[in-house]
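Engineer: Those sequence lines, one after another, are chains X and B.
Just so we're aligned, residue 228 is where the first sequence starts under the numbering used here, counting upward by one.
Just so we're aligned, residue 2 is where the second sequence starts under the numbering used here, counting upward by one.
Please keep in mind that the hints were generated in silico from the structure rather than gathered at the bench.
Be careful, since some hints might not be right.
[Stated by the list, open to error] Some chain B residues close to chain X (C-beta under 8 Å, calculated; not the full set):
{"no.": "1", "residue": "Phe7"}
{"no.": "2", "residue": "Ala14"}
{"no.": "3", "residue": "Leu15"}
{"no.": "4", "residue": "Ala18"}
{"no.": "5", "residue": "Gln22"}
{"no.": "6", "residue": "Leu32"}
{"no.": "7", "residue": "Asp234"}
[To be verified] Computed cross-link-like contacts, SDA-like style, restricted to lysine to any residue with a CA-CA straight-line distance of at most 20 Å:
{"no.": "8", "chain 1": "B", "residue 1": "Lys147", "chain 2": "B", "residue 2": "Gly322"}
{"no.": "9", "chain 1": "X", "residue 1": "Lys377", "chain 2": "B", "residue 2": "Lys147"}
{"no.": "10", "chain 1": "X", "residue 1": "Lys377", "chain 2": "B", "residue 2": "Glu4"}
[To be verified] Only part of the chain B face toward chain X is listed, based on derived beta-carbon distances under 7 Å:
{"no.": "11", "residue": "His12"}
{"no.": "12", "residue": "Ala13"}
{"no.": "13", "residue": "Pro19"}
{"no.": "14", "residue": "Glu21"}
{"no.": "15", "residue": "Ala23"}
{"no.": "16", "residue": "Ala24"}
{"no.": "17", "residue": "Ala25"}
{"no.": "18", "residue": "Ala29"}
{"no.": "19", "residue": "Trp137"}
{"no.": "20", "residue": "Arg194"}
{"no.": "21", "residue": "Gly297"}
The C-beta atom is built at its ideal place from N, Cα and C for all residues, glycine as well.
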Amino acid sequence: MTTIAAAPPDAADIGSFEVWIEPLLAAGYRLAYAMLQSQPEAEDAIQDAALRAWAARHRLRPGSDPAPWFMTIVANQCRQQRRSRWWSVLKGGDVPEGVQPPPAIDGADLRRAVARLPHRHRLALVLRYYLDLSFEEMGRVQGISAVAAKARVHRALVRLRAEVPEELSDA
Amino acid sequence: MHEDEFRARFHAALGDAPDEQAAAQRAAAALHRQPPPEEREGPPRAMVLMAVAVTGLVLVGLLGPRLLRAGSRATSPATAVVPADCRLPVVVTDARALVPQYSAGFVSLATGRFVGDPSAQGGSMPFSRRYVRDQWSPQGYDPVLKRWLPVRPSQVSPDHRAYVYILASPLATGKGGEFDSTTLHVYDVTTGRDHALWTSHDQLGADPTWRPDGIHVQTYPAGGGQDTYWTIDPATGAAARTAAPASAAVLATAMRTYRIDMGVEFGTDGAGRPILLDAGSGAGAPQVYFVGGPNGRRIVIHSGRRGDAVDFEVDGFVVDGERLWAANRDATAIWLWSATGGLKRFPMSGVASFDGSVTPRLVGPCV
Numbered sequence: 228m229t230t231i232a233a234a235p236p237d238a239a240d241i242g243s244f245e246v247w248i249e250p251l252l253a254a255g256y257r258l259a260y261a262m263l264q265s266q267p268e269a270e271d272a273i274q275d276a277a278l279r280a281w282a283a284r285h286r287l288r289p290g291s292d293p294a295p296w297f298m299t300i301v302a303n304q305c306r307q308q309r310r311s312r313w314w315s316v317l318k319g320g321d322v323p324e325g326v327q328p329p330p331a332i333d334g335a336d337l338r339r340a341v342a343r344l345p346h347r348h349r350l351a352l353v354l355r356y357y358l359d360l361s362f363e364e365m366g367r368v369q370g371i372s373a374v375a376a377k378a379r380v381h382r383a384l385v386r387l388r389a390e391v392p393e394e395l396s397d398a
Numbered sequence: 002m003h004e005d006e007f008r009a010r011f012h013a014a015l016g017d018a019p020d021e022q023a024a025a026q027r028a029a030a031a032l033h034r035q036p037p038p039e040e041r042e043g044p045p046r047a048m049v050l051m052a053v054a055v056t057g058l059v060l061v062g063l064l065g066p067r068l069l070r071a072g073s074r075a076t077s078p079a080t081a082v083v084p085a086d087c088r089l090p091v092v093v094t095d096a097r098a099l100v101p102q103y104s105a106g107f108v109s110l111a112t113g114r115f116v117g118d119p120s121a122q123g124g125s126m127p128f129s130r131r132y133v134r135d136q137w138s139p140q141g142y143d144p145v146l147k148r149w150l151p152v153r154p155s156q157v158s159p160d161h162r163a164y165v166y167i168l169a170s171p172l173a174t175g176k177g178g179e180f181d182s183t184t185l186h187v188y189d190v191t192t193g194r195d196h197a198l199w200t201s202h203d204q205l206g207a208d209p210t211w212r213p214d215g216i217h218v219q220t221y222p223a224g225g226g227q228d229t230y231w232t233i234d235p236a237t238g239a240a241a242r243t244a245a246p247a248s249a250a251v252l253a254t255a256m257r258t259y260r261i262d263m264g265v266e267f268g269t270d271g272a273g274r275p276i277l278l279d280a281g282s283g284a285g286a287p288q289v290y291f292v293g294g295p296n297g298r299r300i301v302i303h304s305g306r307r308g309d310a311v312d313f314e315v316d317g318f319v320v321d322g323e324r325l326w327a328a329n330r331d332a333t334a335i336w337l338w339s340a341t342g343g344l345k346r347f348p349m350s351g352v353a354s355f356d357g358s359v360t361p362r363l364v365g366p367c368v
């Protein structure tokens, strides 16, 4: 995960904040794009996330890692933007844990299947397989333990297989 | 399917984010286009209100412990008299460019006019660095040395001969977590000598503060964990663990007592009491700037709503004995507050705000 100086910007101006947060914007944009699958929406999300980060920077405790803090803001922004569009296709119900990653499937099908996942599952897969975060880093973004992050990835993979059973039949 | 193979397919299915660098630059630029809260539909209003309120989270101006005892309301009227012919040192931040530009000068209290000071240059004075790209900028004006310094007034020794600053090692490039250690350095302004005083492999939580009993530092483990407070002997570098400052407890009490959800701490006043902003929650909620007294007692500096006729919109305070000074973020007013004298406004001119992109910050007492 991209990291920057842990201390919040000392200067009392938005320009200094911009310089401070700039190393995180590209990674935040990647996360937004993977979550939203739309360049304009991803740009909206990262811009709003940057503003929210500035507004909330007093909540970042000095000395703590700002990268997961900012990623959390981006993820929340993505959830807000997609909530209305995807609400109707979310599916409930528990699924068993402990599966292996699904087999090769067509990219478009996989993309659609990922898009239909609930936010928390989609976020887990994006953080793990798109941004290549460790379970510890994932946990810090999602506000859960590394063990819980790992479990969430497993549940997301199960859910993904449920979304595209024909392509994952040999999994 | 192996995890790495799935990762590759997953990434290929979602595709690369297009125009990544341009998107990041546009996001950075968007910070400068933030419209007033009334025009935004995205973030909650309270959040935006906070965004405006926190432009200056960090405070200035601790000149060391003062004579007041915490909780005392006694204030000498003589010390609260406004020195009508004094000048307040100001650093102006111009954030219109990608890299902010700083200039420094003085605001005359008599005329309200800001005049730049061409002597506000760094020369050879060292300054705190965490990033490779960090550059010298004026951060304080010392009334005894009569010099601009690259550190906040709280980092200057009580005898005004030296200041403390920090150097991270290695300096961060912004592309990865290279942090290894942070070293406190002391620079003697009168002799030009510099020496390393103390090194920590934890991260420093805030700028160090130089008080009569030593240099106070707060550290956090790089991987997360408990805060630790230290007092460093400026002569020997010996470090002693100390308790959390009393202002922290006062702050916690005030936050609980007044159920502050959205708040900002601006540091402490001359008596060591926290200066706070209760930004309220919800549209039109009053914003209360106050000094946190003992047992949750609140000494109000100003209570009002954003955009009201008083127009008290400040980002920080400078401690000047029992007085607190502040500048409006739109560079139109200087404020003076004391417990006995209340709040007084002085007009300010000479700094064009450019819709909030250029902001003034007071960096020292009135001289």
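Engineer: Against each hint, give a clear statement of whether it holds in the structure.
Structural biologist: Results for each hint:
For B:Phe7, the interface hint holds, since its Cβ comes within 8 Å of a Cβ in chain X; the closest pair sits about 4 Å apart. Restraint check, B:Ala14 versus chain X: the minimum CB separation of about 4 Å is within 8 Å; hint holds. At about 5 Å, the closest approach between the beta carbon of B:Leu15 and any beta carbon in chain X falls short of 8 Å, and the interface hint on this residue holds. With 8 Å as the threshold, the beta carbon of B:Ala18 comes within range of chain X, its nearest partner Cβ sitting at about 4 Å, so the hint holds.
With 8 Å as the threshold, the beta carbon of B:Gln22 comes within range of chain X, its nearest partner Cβ sitting at about 7 Å, so the hint holds. At about 5 Å, the closest approach between the beta carbon of B:Leu32 and any beta carbon in chain X falls short of 8 Å, and the interface hint on this residue holds. Evaluation of the B:Asp234 hint against chain X yields a violated restraint, the C-beta minimum of about 23 Å exceeding 8 Å. Annotation: proposed proximity of B:Lys147 to B:Gly322 holds, straight-line Cα distance about 18 Å (limit 20 Å).
The straight-line distance between the Cα atoms of X:Lys377 and B:Lys147 is roughly 58 Å, outside the 20 Å bound, and the hint therefore fails. For the hint pairing X:Lys377 with B:Glu4, the CA-to-CA distance comes to about 13 Å; that is within 20 Å, so the pair holds. Interface hint status for B:His12: upheld, as the beta-carbon distance to the closest one in chain X is roughly 6 Å, under 7 Å. Hint status for B:Ala13 relative to chain X: holds, with the closest Cβ pair at about 6 Å, below 7 Å.
Because the beta carbon of B:Pro19 sits about 5 Å from the nearest beta carbon in chain X, less than 7 Å, this interface hint is met. Nearest Cβ of chain X to the Cβ of B:Glu21: about 5 Å, under the 7 Å cut. The hint holds. Nearest Cβ of chain X to the Cβ of B:Ala23: about 9 Å, over the 7 Å cut. The hint is violated. Interface restraint check for B:Ala24: the shortest CB-CB distance to chain X comes to about 5 Å, inside 7 Å, so the restraint holds.
A distance limit of 7 Å between C-beta atoms decides the matter here; for B:Ala25 the minimum to chain X is near 4 Å, and the interface restraint holds. The beta carbon of B:Ala29 comes within 5 Å of a beta carbon in chain X, closer than 7 Å, and the hint placing it at the interface holds. About 13 Å separates the beta-carbon of B:Trp137 from the nearest beta-carbon of chain X, more than 7 Å, and the hint is not met. Because the closest C-beta pair between B:Arg194 and chain X is about 25 Å apart, greater than 7 Å, the hint is violated.
Interface hint status for B:Gly297: violated, as the beta-carbon distance to the closest one in chain X is roughly 21 Å, over 7 Å.
The structure fails to meet hints 7, 9, 15, 19, 20 and 21 from the earlier list, while all remaining hints are met.
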